[in-house]
Structure formats: C-alpha cells, structure tokens
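2 protein chains.
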Amino acid sequence: MKIAVLGTGGGARAHIARLAELGHEVHVGTRDPEATLARTDPDMMGTPPFGSWLAEHPGVELHTFADAAARGELVINGIDGHNAVAALSAAADQLAGKTLIDYAVPFLYNPDIEHPWPTPWGVMPTLDPCDRDSLGEQIQRALPRTKVVKAFVTQEQDTVVDPKAIGGGDHTMFVAGTDPGAKQQATDLLKAYGWNDILDLGPLVAARGMEMYAHMHSAIGFALGFGTHFGIKVVR
Amino acid sequence: MKIAVLGTGGGARAHIARLAELGHEVHVGTRDPEATLARTDPDMMGTPPFGSWLAEHPGVELHTFADAAARGELVINGIDGHNAVAALSAAADQLAGKTLIDYAVPFLYNPDIEHPWPTPWGVMPTLDPCDRDSLGEQIQRALPRTKVVKAFVTQEQDTVVDPKAIGGGDHTMFVAGTDPGAKQQATDLLKAYGWNDILDLGPLVAARGMEMYAHMHSAIGFALGFGTHFGIKVVR
Numbered sequence: 152m153k154i155a156v157l158g159t160g161g162g163a164r165a166h167i168a169r170l171a172e173l174g175h176e177v178h179v180g181t182r183d184p185e186a187t188l189a190r191t192d193p194d195m196m197g198t199p200p201f202g203s204w205l206a207e208h209p210g211v212e213l214h215t216f217a218d219a220a221a222r223g224e225l226v227i228n229g230i231d232g233h234n235a236v237a238a239l240s241a242a243a244d245q246l247a248g249k250t251l252i253d254y255a256v257p258f259l260y261n262p263d264i265e266h267p268w269p270t271p272w273g274v275m276p277t278l279d280p281c282d283r284d285s286l287g288e289q290i291q292r293a294l295p296r297t298k299v300v301k302a303f304v305t306q307e308q309d310t311v312v313d314p315k316a317i318g319g320g321d322h323t324m325f326v327a328g329t330d331p332g333a334k335q336q337a338t339d340l341l342k343a344y345g346w347n348d349i350l351d352l353g354p355l356v357a358a359r360g361m362e363m364y365a366h367m368h369s370a371i372g373f374a375l376g377f378g379t380h381f382g383i384k385v386v387r
Numbered sequence: 152m153k154i155a156v157l158g159t160g161g162g163a164r165a166h167i168a169r170l171a172e173l174g175h176e177v178h179v180g181t182r183d184p185e186a187t188l189a190r191t192d193p194d195m196m197g198t199p200p201f202g203s204w205l206a207e208h209p210g211v212e213l214h215t216f217a218d219a220a221a222r223g224e225l226v227i228n229g230i231d232g233h234n235a236v237a238a239l240s241a242a243a244d245q246l247a248g249k250t251l252i253d254y255a256v257p258f259l260y261n262p263d264i265e266h267p268w269p270t271p272w273g274v275m276p277t278l279d280p281c282d283r284d285s286l287g288e289q290i291q292r293a294l295p296r297t298k299v300v301k302a303f304v305t306q307e308q309d310t311v312v313d314p315k316a317i318g319g320g321d322h323t324m325f326v327a328g329t330d331p332g333a334k335q336q337a338t339d340l341l342k343a344y345g346w347n348d349i350l351d352l353g354p355l356v357a358a359r360g361m362e363m364y365a366h367m368h369s370a371i372g373f374a375l376g377f378g379t380h381f382g383i384k385v386v387r
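Protein chains in written order, with the numbering used here: chain A, 152 to 387; chain B, 152 to 387.
Hints are computed from structural coordinates only; laboratory data are not their basis.
Keep in mind that a hint or two might mislead.
Which copy is meant is left open, because identical chains are indistinguishable; a pair holds if it fits in one copy or across any two.
Calculated cross-link-like contacts (lysine-lysine; reagent style DSBU-like; alpha-carbon spacing at most 30 Å) [to be verified]:
no. : residue 1 : residue 2
1   : Lys-342   : Lys-153
2   : Lys-342   : Lys-384
3   : Lys-153   : Lys-315
4   : Lys-342   : Lys-249
5   : Lys-249   : Lys-153
6   : Lys-315   : Lys-249
None of the values given here were measured: they were computed from a predicted structure.
Use the sequences and the hints to build the structure in full.
Dropping the structure here:
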C-alpha cells in the first residue's frame, strides 16, 4: 500500500522504517525537502539529521507535505502539534477523501511561558487546545473532506510500531474518529504493527482525553526514569 | 486508626465501609449533618440517601466537616471538586499538620455550558482548573499546614477500595505529593486495600495529569459500557 508519513522527527521515522519493513511504499512529507536534507545538526530532541537517516533507508522517498499526501492512499500525521493545522490545511486538496491518522500532541510552543516544575525536559507539558477542544477535532474542522482518526498518541511511537517490545505486547491502543471505515484502516495498520488490544473510544471528541493523557504519560515517564518504554493496559 | 472521610457520596461510602471493615474508627464529615440525615431522595447520581445507608453501618459517626477533620488522624477528601477548596478551607485549623488524601476531580459545575457530545451522563467532562494548575495544588495552596496527597483519582472508588475485583488486582494506582511521609501513609492505606502496584508520580504537580485523565477514564468507560469496572496498568 502507498502510505504517506508527514513529518521527519523521531516518531515519524519509527513509522517510516516499520512501514517499509512491512512492505509498504512510503512517501515522506516535509515542509521543504531541500532544507530538510541540507540540515547536518541534530534537532532539539537530539534526533540526528534526516538526510543521513534517509541514506540508510533506500526506497523511502522525500517530498513536500502536499506531494507526499497526494501519493499516499493512507496518511499518517507526524507534524508537530503547533504546526499541524496550518501545514495540513495547505495540503487539504491532496488529503481530500483520504484517511489521516493523527498522533500529534498540541504542546503549547511558547518559549516565554513560565513553567513551575523543571522536568528532565526543562518544561511541564502545557496543551493548547485542551479540555473543550482537541487538535484532532481542529484538524477535522480544517479538513472536512478528510477522515481524521486519532490514534497512536498515548505511547512513544517506537512502541506503537513495535508493541511487543514491552510486556509481551499486553497493553492497549486507542482509536477515535467519526468514520468507521477510516477507524478500520487504522485498526488494520495497528494489527499489522502487532497490536492485539485496540479499543475504539468512539467519536473524535475522545481525542481530548487521548491528548490530555500527555500529562499522565509524562509523569509516568519521569517516575520510571527517562528513556524507559512503557504502555498502559485497560484492565477489565 | 482514626480516619476522617469528608463527603457522603458513593465514592466516600466505598471508603467508609471498607475502612470500617479494616477495623478503623471512621468519622464522616458533611456540611450539615442534620440536613444530610433529613434527605430521603436519591442524589443526582442515583445514590440512595445517606441516612438509610448509615443505619446499616453501625459505629460510623457523622459530623460536620470540621468536627470530622478534628477527629481524624488521617483525612480523605471526597467532597465534590467544585466545592472542595471552600469546604476544606473552612476546616483549615482542624486539618493542620495532617495528611489529606484528595481524590476529587475538578469537574466544572455550570448547568449553562453547552456540551458538544451528549454522553450517557448527558455531558462531556470539563475541568477547571486544568493543564496549568490542578485541584490538588489549589487545595495545597489553600491549606499550607496540611500535607496533601493526590491519589485514588484514576479509578472508581469502588475498585480503589477493592482492587482485586478487576483483573485479579493487576493494575496500577498513582500517588503524588510533596511530603514523603504523607505519601507513605497513602501508600500504606492502598496496600491495606489490596494494591500491589503503586507508582509514586513525584510532586503534587502530577495531580494535573491524574485529574486530566478523567477525560480518558470517561471515554474508556463509555467504550466498555456504562457500569463496567476497569483499571489501568502501567506495562513496563
């Protein structure tokens, strides 16, 4: 299948590599492919430049967001939360009629904000939107012709693409969205990744809870120690 | 041990009954004991009136919030989120020097608000405070002489007091707070309830994530069906 992954960060790379491994034709989207390939320094998360990573993944193609979206039959959004609505809106025509799986967290990007608890990352998570709206809903409103599914957002993407890496895979993944066919596509992809326990949380309004879980996810991560992989299981 | 439970709702009753069963001397606090005992109708959650419940639990004493707090060596806050800061502040002297375990969720109480997705409960959860503050932190600021621990908040109180009722007890409870001794008291109580996996999320700022998890908790509850008991396990 032709799958577009929008974004070139660590999370996007986890999906790109795994999708290629599963035999899919992967089209990667970035704002400015030339600029992305020209970068030689790690990003603010310490992720090595994309050009050197891409050289080790032959067959993966780099395009603009719109060109990658045009080539994908299914699209995964890995664009930073604070850029996602604007970047995706610019590719609205190429995304029309398609399923877009969104895993972005709307972390507020504001270097001037005061943070009360210096974390290992230097900040407390702060979300915008939050509580009465979600990034997933914002994206759906901005792209009414696209079938948005919120998923993947409650874990590190390294374990989303390889759930058996923790606890033998005995943990839970969540999906939410309006279109049942689009949710089925996301569910099928998750099963191909190795997921057994996939819980449909209903309409896209459940994206609020999935995004707001970022606070708990961070707190659990701090408690277990930076770099510890973990998931959550809904125990019935 | 003398334990005060502030509140007479369904969650508070779960703690009162279990604490009495464990042999503790339980002092229940309510705003106006006479009014509480005079009520003969179920509350808005369908919980039967407290008077008839109390009659079936001999040995449990009903007091004002302040009188119950004065009698408890350890205090559990089960007052509705939107009333908690005001009600607890009125008992600040009686709570001074003590550990207060707070499990309230700051659901916004505003009958005029518009809710976009009618849930089985008629509303979407909406929180105030949220994201950059929490009810747990507000209570700690209002009661600087009290050692506030946020706990219990990520589950129904029926399963908090009886974790083995779901999944054989193989799920995770969280605690957060500034005072290590107070957190140890909460942890000891949780162990007495039957908990094996108790994760310390650090300082009280982690109360934000615990309270904001209410959105996920609601969404998971809707997905599993109203009345289904569940917990979450952190899978390492």
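Okay, the hints, checked on the actual structure:
1. In the homo-oligomer, the alpha carbons of Lys-342 and Lys-153 lie at most 30 Å apart inside one protomer (17 Å), although the nearest pairing across protomers, at 51 Å, exceeds that limit.
2. For a Cα distance limit of 30 Å, the shortest separation of Lys-342 from Lys-384 qualifies both inside one copy, at 16 Å, and across copies, at 21 Å.
3. In the homo-oligomer, the alpha carbons of Lys-153 and Lys-315 lie at most 30 Å apart inside one protomer (25 Å), although the nearest pairing across protomers, at 46 Å, exceeds that limit.
4. In this assembly of identical chains, the alpha carbons of Lys-342 and Lys-249 lie at most 30 Å apart only when taken from the same copy (20 Å versus 50 Å across copies).
5. Taking the closest pair of Cα atoms, Lys-249 and Lys-153 come within 30 Å of each other only inside a single copy of the chain (12 Å); across copies the shortest separation is 61 Å, beyond that limit.
6. Taking the closest pair of Cα atoms, Lys-315 and Lys-249 come within 30 Å of each other only inside a single copy of the chain (29 Å); across copies the shortest separation is 44 Å, beyond that limit.
Hint violations for this structure: none, all hints satisfied.
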